[in-house]
Every structure is written in structure tokens, then in C-alpha cells.
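Participant: Fit chain to chain and form the complex, with the hints in mind.
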Amino acid sequence: MSTTTMSPLLKARNESAARSLGRRRKMVDSTIKWLCLIATVAGLFFLASIMGTLLWRGLESLSLNTLIAEFKPTSYGEDTSAPGGLRHAIIGSLIQTAIGTVIGTPIGLLVGTYLAEYARGSAFGNAVRFVSDVLLSAPSILIGLFIYQLVVLPMGGFSGIAGALALAIIVIPVVVRTTEDMLQLIPNTLREAVIGLGAPKWKMITLVCYKAAASGILTGILLAVARIAGETAPLLLTSFGNNVTSLDLSSAMASLPIAIYQQANSGFPDLIQIAWSGALIVTLGVLAINIIARFVIRGRH
Amino acid sequence: MQQTITAEDSAIPAGGAKRRTGSFGDKLFEGLCRGAGVLVLLTLGGIILTLLIGGLPAFLHYGPAFITSDAWNPVEDHREEYGALVSIFGTIVSAVLAIIFAVPVAFGISFFLTELAPEWLRRPVGTAIELLAAVPSIIYGMWGLFVVVPFVQVYIQLGLGEYLETIPLIGFIFESRSFAGTSLFTAALVLAIMILPFIAATMRDVFLQVPPVYKESAYGLGATRWEVVKGVVLPYTRISVVGGIMLGLGRALGETMAVTFVIGNANRMPQSIFDPSTTIASVIAMEFPESLSGSMKQSALFALGFLLFVISFLVLASSRYLLRSRLKA
Chain A
1 MSTTTMSPLL KARNESAARS LGRRRKMVDS TIKWLCLIAT VAGLFFLASI
51 MGTLLWRGLE SLSLNTLIAE FKPTSYGEDT SAPGGLRHAI IGSLIQTAIG
101 TVIGTPIGLL VGTYLAEYAR GSAFGNAVRF VSDVLLSAPS ILIGLFIYQL
151 VVLPMGGFSG IAGALALAII VIPVVVRTTE DMLQLIPNTL REAVIGLGAP
201 KWKMITLVCY KAAASGILTG ILLAVARIAG ETAPLLLTSF GNNVTSLDLS
251 SAMASLPIAI YQQANSGFPD LIQIAWSGAL IVTLGVLAIN IIARFVIRGR
301 H
Chain B
1 MQQTITAEDS AIPAGGAKRR TGSFGDKLFE GLCRGAGVLV LLTLGGIILT
51 LLIGGLPAFL HYGPAFITSD AWNPVEDHRE EYGALVSIFG TIVSAVLAII
101 FAVPVAFGIS FFLTELAPEW LRRPVGTAIE LLAAVPSIIY GMWGLFVVVP
151 FVQVYIQLGL GEYLETIPLI GFIFESRSFA GTSLFTAALV LAIMILPFIA
201 ATMRDVFLQV PPVYKESAYG LGATRWEVVK GVVLPYTRIS VVGGIMLGLG
251 RALGETMAVT FVIGNANRMP QSIFDPSTTI ASVIAMEFPE SLSGSMKQSA
301 LFALGFLLFV ISFLVLASSR YLLRSRLKA
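If you read the protein sequences in the order shown, they are chains A and B.
Anchor point for the first sequence: position 178 equals 178 in the UniProt record's numbering, and the numbering is continuous, going up by one each time.
Anchor point for the second sequence: position 274 equals 274 in the UniProt record's numbering, and the numbering is continuous, going up by one each time.
Note that these hints are calculated values from the structure, not bench results.
Each hint should be verified, as a subset may be incorrect.
Stated by the list, open to error - If we take Cβ atoms under 8 Å as the criterion, some of the chain B residues that face chain A in the derived model are: (1) Thr43; (2) Phe101; (3) Ile138.
Every residue, glycine too, gets a C-beta built ideally from N, C-alpha and C.
So that you can see chain B by itself, here it is in the shape it has in the complex (with noise of 0.2 Å):
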């Protein structure tokens, strides 16, 4: 008896000692994972910032016609000037358009990828369609450039466009006015299909998420399989939907590689879709290397980046707030 009490009495403190050491390492442990959180909080906080720095001078030199002003004169004497109204209005006008291509296509290939093909057909196709997400954004820049601007220039501007430019009203909106192919429409076009499988797949995984009762009940009453998904599976999944469009078009906005080798690079206000233009992005791309460290023109990139920033970011967390039901599951 004696025996194993003092046996007892000598293990406390040691199993009292080694959950110190062990506690010395969930504290350390924890403190390192924390710390990394703070560190993303940071770069996050760190970005915005540098960008609203980098930009003040443009900012307090224009002021809010910063924004209003479609001038962009990069030649330094007192004719140099700085406007962001035309990558801004290029910038959006090329991502909806690629969203208004992108979401029939991606509601087709999910709604084939989940109720219509055989189940040997869904994992390769499926997987293929993943695999375009995964080209790099160059890799479509070259494509669109030496295969798509061709393909726009002979099949659509020289086919179509005498057709559309006389739709009474609208018309204006097809005109072509430089045939290089280099243009709004066509970098929607390679955008479409860049954020394409990132919509394909929102809409492909909510749409799995619906209950099988709800769309067995509807197929007992006699629904076709586009009824079930009119009626059954798009109501269900519409918050979801738009989130994941939400998310395509916040990857739109910010695209650069891509957009640059074929939107023409023109920094003037086009008239009309086949027209050159260009986005924050490719300006940033095409003109900081070349701009000198301190002067008007780089903070006048920078005030771009900033408003790139903020117009993303409201995108991507509105994304983000839709699909929070389905980040929860």
C-alpha cells in the first residue's frame, strides 16, 4: 500500500510537468497559426493601403474628375493628363459583356453535367471543363490573339457586322470602325471563356446540393427534366447561381494577361463594341514597367489599381455573401 501510493505521489508532478510543455506547445502553436491569420489580414490591409498611397498625388492633383475624365495623355509637359474613365468603363463593359457570353454556356454545361449525361460521361467531361480553369491567363492571351482576333475580324465584324449595324436605334453599337479585330467585343469574348468553367462549376455544385426528393417529387408528377430544373432545381439554387456569376464576373474585372493581347490597348472612349479599348488591368500592365518611380504617370496607375480594388472587391464579397450557404455546407 505504502508502495504505490508514493509511486502515485511521484507521478503528479511529473504528468504535471509534461502538461506544461505540452501547454508551453499548444500556446506556441496556436500564437504561429494566429499570427498567420493576422499576417493575411495584413496583406490584405497592406495592399489597399500601398495602392491609396501610391495614388494620392493623382488623386489630390485631379481630384474627383480624376474618375470623370476620359483624357490620357502620358506626354510630360503641361499637356500631361490623367483620366480613368475610359479603363473604367472598359473594364466593366468587357467583364458584363463576358458574364451575358459566359452564364448561358455555364448553365448549359452544368445542367448537362448534372441531369442529362450518362453518369460514365459526367467525372471526364466534368474534369475537362475544371482543366480550363486551369490554362494560365497568358496562354489565353496568345490563343485569343493568333486564333480568336482572326476568327472576330473575318466571321463576326466582316460577316456579321453589316447585318447588325443596321438594327434601327442599337445599330451604332455594332459599327466597325477599325477591322484589326483587336477589340471590346473580342476580349469578352476570350474572357467569356476564361471565368466560363469557374460559373460552370458554382452552378454544377449547387445544383448537386438539391435534395433528390424535390426533384423525385417533381419527375412522379410528370415534370420533364427542364420543368424539374425551371421549376425545382433554379429556384432552390438561385441565391448560389448568382453568387457564382458574382464570382465570374469579379475574376473578369481583374483579368490582365489575357485582355491585354486583345483589346487593342486604346486609351480613347470607344463608340462601339468592335471598337479598340482597354482596362484598368492592361494599363497597369502595359504602362507601369515603362513609368518612371515618383512621377504622375505612376501615381495615375496606382489611383487606377485603387479603383480596380475597390470596384473587385465589392464584386467578390457580395460573391462571397451569396455563397455563404453553400461554404457552410
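Pulled out of the complex, with its shape left as it was, chain A reads as follows (with noise of 0.2 Å):
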């Protein structure tokens, strides 16, 4: 008889419970997202922070002379001389920038191909694909502080080659991952295809699966050529920078971001002003190259 009567009680209890629970449930899954919402928003507006305090700072100074100005010391005070431009900087990162890009491409393309095409699963070809995943996060100044043994310091100083030749070891393993991970999705019946005619391994490669994996390819070059245009820190150690324009590979050369560097740190507010133009440059420059590159591979898939 008493469990007649208690079983709507305990129901009804038990309804209770369940409901608070669920409302419990509820409130956590929400609170939860709305929180997931508010980290989004924060990481997007760091990048909007990032990029409106570049416009607002760099766009006042901006100008044609700050693009073909040489370097002038501070003038903060006197209104009357004209202000200085960064185009020994611009020259100097277009032909790191350049020389980089050209040494370290054709290395990564090879070694990527070997990772891909030759080496899939064996030791050696780990060994190689291990380190070159170290390099790919390897702090950049330590491959400075490479170059300065290695370049630098049998050259007798800082000089342009030893700065291209550092942003080159940067290229290399950017190149290597992408080549390789565009090799591995081109199907093998292709390459089955191609040596089924009777074609030998390096024609297979050259001129097939090179063409199948073109896009992404080229991404990856990009991806390099924009990870190593805002590179400053082995720079230092290297080309160390100039305020001069300067063609000579053999001596010190001048780079967008040291000049930034330097005169952000400089304390002038006029020198402070073309840090800021030469930051949103750089800037600009960098993100236009990134999303090309997202095309570029959108284009196709």
C-alpha cells in the first residue's frame, strides 16, 4: 500500500531532480559557448587591434617619400627639412627577400620531392622530415647566430649575402612540408599511368606530378617568401642593416624590419612616425602575399 502512495511522491521528486538537472546542463552548455563566442571575439579583435593601430599610426606619415627617401637622422623640431624614407630598407628586404627565396626554393623543392617520392617510410627519409619540422619552429636567431659562424665572421662582416643566405634556411622547410604534402595527395594511379608509357621515375616527376601539385606548390613558396619578409631577428646578426641604399652583397645591408627596429627603439617621435609607415608596409605586404596564397589553392580544390 505505502508504495502506492509514495510512488507519485517519489515522481514527482524525481521529475524535480531530473528537470534541475537538465536545467543545470542547459546553463553549463551555454555558459560554455558563450564563453567559446568571447575567445573568438578577443582573437579577432587582436588582429583588428593589430591592424587599425597600424593604419591609424602608419597612414599619418605615409607618403611617395617615405617610399623613396633615404634614411635622414632625427630633424624632430626643425619643421622646415623634409622627412626621411625607407628606401634603402625596401631595397635592402626586396633583395634578401629575393636572394633568400631563390637559394632556399629549389633545396625544399628537392628535399620535399625526396620525402614524398623516394623516401616514403624509410629511415633516412624520417631523419630528414624530423628535422626539418624542428626547423620549421626553430628559433629563428639561432640560425643567426649560424650564419654570423659560418659567413660572417670568415667574411670578415656583416653583409648582405650572409642575410639571404639566413632567410634561405627559414624558406627551406616552409617549401619541404607543402611540396611534400601536395606530392602525397596526388593519386598513384597517376604516377602508375606515367610508367606504365614507359617513362623513366624523374620525367615521371618533372613533368606530372609537378604540374598535378603546381598550386599547392606555389602556395608553400608564398608562405615562405611571406614568413621571411617580416624576419628580423637573424637579420640582425647578419646584414645587420645600413642607412645607406646599398647594393653591395659584401657588406651591410639594410632590411625593412631592422629599420623598423631601430627606429621604433630610437625615441624620436618624427623617426618613430617611419617605423610605423615602415610597419604597416611590411604589414600589408605580408597579409596581401597570405591571402594570394589562399587563392592560389582555393583555385583549385
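Facilitator: See the structure below:
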């Protein structure tokens, strides 16, 4: 008898317990949802804050003069004298980035090819893949120290070519990663078809596989260019920076990131202004290359 | 009949010759590829070797005390003395703090991008977060110096510092002696923002690899989205998630320019997280260009570089080990 009188009570209690548990679960779920939304907004806010600061401070003094004028020591307080520019740094950056890319890309391409086409699963291949991945994230300033010992000391001074070599070492692992990934996406039936026609393996790779993976490989190269265009730390120890336009690869060479670093820390408002313009140029360039790289790879898939 | 046989006969040596050139090309190309691979190995070996050789005089002169000493006196007389303790401490503390700040936010972003966001929003938001990784380190440094440093100064050190200081037992960690705004804390904050996209991207990629059937069965039992992530997605991906965090840690340890701008570059032991400090990478960036080749100072900087290499190599190697299942997929 007692059970029949208890059971509606018990049922009611269970129901209310279940309802409150359900409410709590829903509340936890929606709290976490909101926290995640806040985290995402925070991430986007950081990007917006960086871009906003760069545009606001950079556009203020960005003019044609900034692009074509040489460095000038501070003229703070004298309104009459023309402000300096970043021509030396832009030219230096273009030269070093170009040479670094030209040296690093073929090596990275060959290593990526080796990993994807020749060394699948072999111990040597795994070692190369591991080392390349470590180099991809290794502190870039250590690459600067390495080139300092290897090139700067024997040459007897800082030089543009040393800077370009340091950048080339940074290019290699970026290109290796994308080349290997892209070559591995190619279906084996395509390779078998080419081999079946009697073509040697190297022709299969260079004429067919590279063509099939071209957009991916190009993306990798563009990402590598974007990476080294803003690289500062290794250049500090290799090409050092220079206040005049120099095309001589055997002497110290200016670069945009180093010029930004020196002028931002100079303490003079007019030089800091120029550093902001330089920062805006570098960032817009790097982000533009990144976005182009994304379109290149999306265009195919 | 006779004619076809001769045609075949003459075709055989021609085909053979062709195959020989093909195999020569094959050997050459494979040799080139293998050689490039060897070059990559040599580069890493060269980096280790040059750092060790450069640092050898300092290691030999100071012995193991180099790592445990907090002295840094570059004055070139009998008081000249170098130790690595301060910069090793600064490197590890700033990187670990950065991980503590970045991981919850990165998790939030990857949860949002894989489970919560509507389809049309995922790609643009994901791209924007990835672009955060493309911004050069020097830009983070400048932005940090002119935007984050004043923010920390006014709103965190002045605004929150007083309350944090009074927490029993651990209050001293938050004590402010320097109000310049450049500190271990600011460096960790900027580092956290820099490594955020790396951790978030890894987490998002591994979350997407969870077989939908697992998630669907949990949803079918009535689980909420958070319960699905907590009970299915995280247990399934936890090793790769830790690998992604280690990848971020490896990046944070070696970051140079951004840290140099905001850490204050003080080579003395910090007492609280609002004290200026230094890291191995920023000591090298600040002092190496002005050191004389062959001097003890330069050797000490190489020795620091070697220690940084060892630390980040261990972290990156373990990250790669943990992420190996993802790399295979």
C-alpha cells in the first residue's frame, strides 16, 4: 500500500531532480558556448587592434616620400627640413628576400620531392622529415648565430649575402612541408599511368607530379616569402642594417624589419612615425601574400 | 616475316639505349633529392655544432656554474662574469605563462569553429585567426610596446595590482615595483597572442578528425554540445591537443623581437611577474650585435644560444612525437 502512495511522490521528486539536472546541463552548455564566442571575438579583436593601430599610426606619415627618400637622422623640432624615408630598407629587403627565396626554394623542393617520392617510410627519410619540422619551428635567431659563425666571421663583417643565406634556411622547411603534402595528395594511379607509358621516374616527377601539384607548391613558396619578408632576428646578426641604399651584397645591408626596429626604439617621434609607416608596409605586404596564397590553392580545389 | 623480325631486332638496342639515359636521369635526380635531404640534416648539425663551438670557451671557463649563476656583468675587467640563470628563467616563465593564457582561448576558438559557428562563418573566421599567425614578430613587438604596455600599466598593474598583491601566500608574485609596463607579464601576454593561432589551428584540425559517428552517437543519447566535446572529442584527441600546445610552447621559447620590445631587458632575477626581465633570445638580439668577435661575452651569448636550442629542440621533438598520428593522417 505504502508503495502506491509513495510512488507519485517519488516520481515527482525524480522529475524535479531531472528537470533541475537538465537545467544545469543546459546552463553549463550555454555558459561554455558564450565563453567560446568571447574567445573567438577576442582573437578577432587582437587582429583588428593590430591592423587598426598600424593603419592609424602608419597612414599618418605614409607618403611617396617615405618610399623613395633615404634615411635621415632625426630632425625633430625643425619643421622646415624634409623627413627621411625607407628606400634603403625597402630595396635591401627586396634583395635579401629575393635571394633567400631563390636559394631556398629549389633545395626545399628537392627535399620535399625526396620525402614524397623516394623515401616513404625509410629511416633516412623519417630523419630528414623530423629535422625539417624542427627547423620549421626552431628559434630564428639561432639561424642568425649559425650564419654569423659560418659566413660573417670568415668574410670579416656583416653582409647582405649572409642575411639572404639566413633567410634561405628559413625558406627550406616551409617549402619542404607544402611540397611533400601536395605531392602526397596525387593519386598513385596517375604515377602508374606515367610509368606504364615507359617514362623514367624523374620525368614522371618533373613533368607530371610537379604539374599536378603546382598550385600547392606555389602556395608554399608564397608562404615562405611572407615568412621571411618580416623576419628580423636573424638579420640582426647577419646583414645588420645600414642607413644608406646599398646594392653591395658583401657589405652590411638595410632591411625593412631592422629599420623598423631601430627607428621604433630611437625615441624620436619623427623616426617612430617612419617606423609605423614601415610596419604598415611590411604587414600589408605579408598579409596580401598570405591571402593570395590562399586563393591560389583554393582556385584548384 | 623477315622484315618484322629485323625491325624488332633494331628496336631492342634503341629501347635499351633509351632506358639507359632514363636510368641515368633517374640516378641523377634521386641523387639531387637525396643530397638536398642530406643538406637539411647538415644544416641542423651545423647549427648545433657552431653554437657549441662558439659557446665552448664560456662553458669551459665557468663550468656548470654558468647555468646556475645569475650574474651578468659585461664590464671588461676582472669583474666580467656571465651566467645563464636569469635568462633561462625568463624564457621558461614567459613561455609557460603564455601557454596558460593562450590555451583556454585557443580551445574556445577551435570549439567555436568546429561545433558552434554556422557553416558560412567558419571559413572567414578561421582565415582571420590564421592571418594572426602571419603577422611578423616585429609588428607584435611594436604593437605590444605602444598598445599593450600602456594597457598593462594602467589597467592591470594600477587597476588590479593592488588587489592581487593582498592575496595571501602568492601575493608577492603580483607585487609591482616597476611601473614602466614592460615586464614578464606583458611579454607573456604578447607571446600568448602570437602563439594563439598555432594552437587554435592544431586543435581545430584534430577536432575535425574525430569520426562523426562517435559524436552523433553521443548527441543521440541526448548529450549537449559541451558534453560531446568533453566526453568524446577531447578524450579522442587529447594526445594531439597536447602536441599542439607543445608546438606553441616551442614557438614561445624562441620568440625574439616581440619579447625584446616588451620585456624590459633587465638581466636580474625578477621577484614578481610585473618585474622587467629578459629571455635568452632577447639577450642575444640586444647584446650580440655590439659584442666583439672572440670575446668572452660573445662566447657566453653563443652558450646561451646552445642552451636555447637544447630546450626548444626537446619541446619541439616531443610535440612532433605527440602529433605523429595527425601527421600520418
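Participant: Would you mind marking each hint as holding or not holding in the structure?
Facilitator: Taking the hints in turn, this is what the structure says about them:
Annotation: interface hint on B/Thr43 holds; nearest CB of chain A at approximately 6 Å, less than 8 Å. Taking 8 Å as the C-beta cut-off, the interface hint given for B/Phe101 is violated, the closest approach to chain A being about 11 Å. For the restraint placing B/Ile138 at the interface with chain A, the shortest Cβ-Cβ distance is roughly 5 Å, inside the 8 Å limit, so the hint holds.
Consistency with the previously given hints fails for number 2 only.
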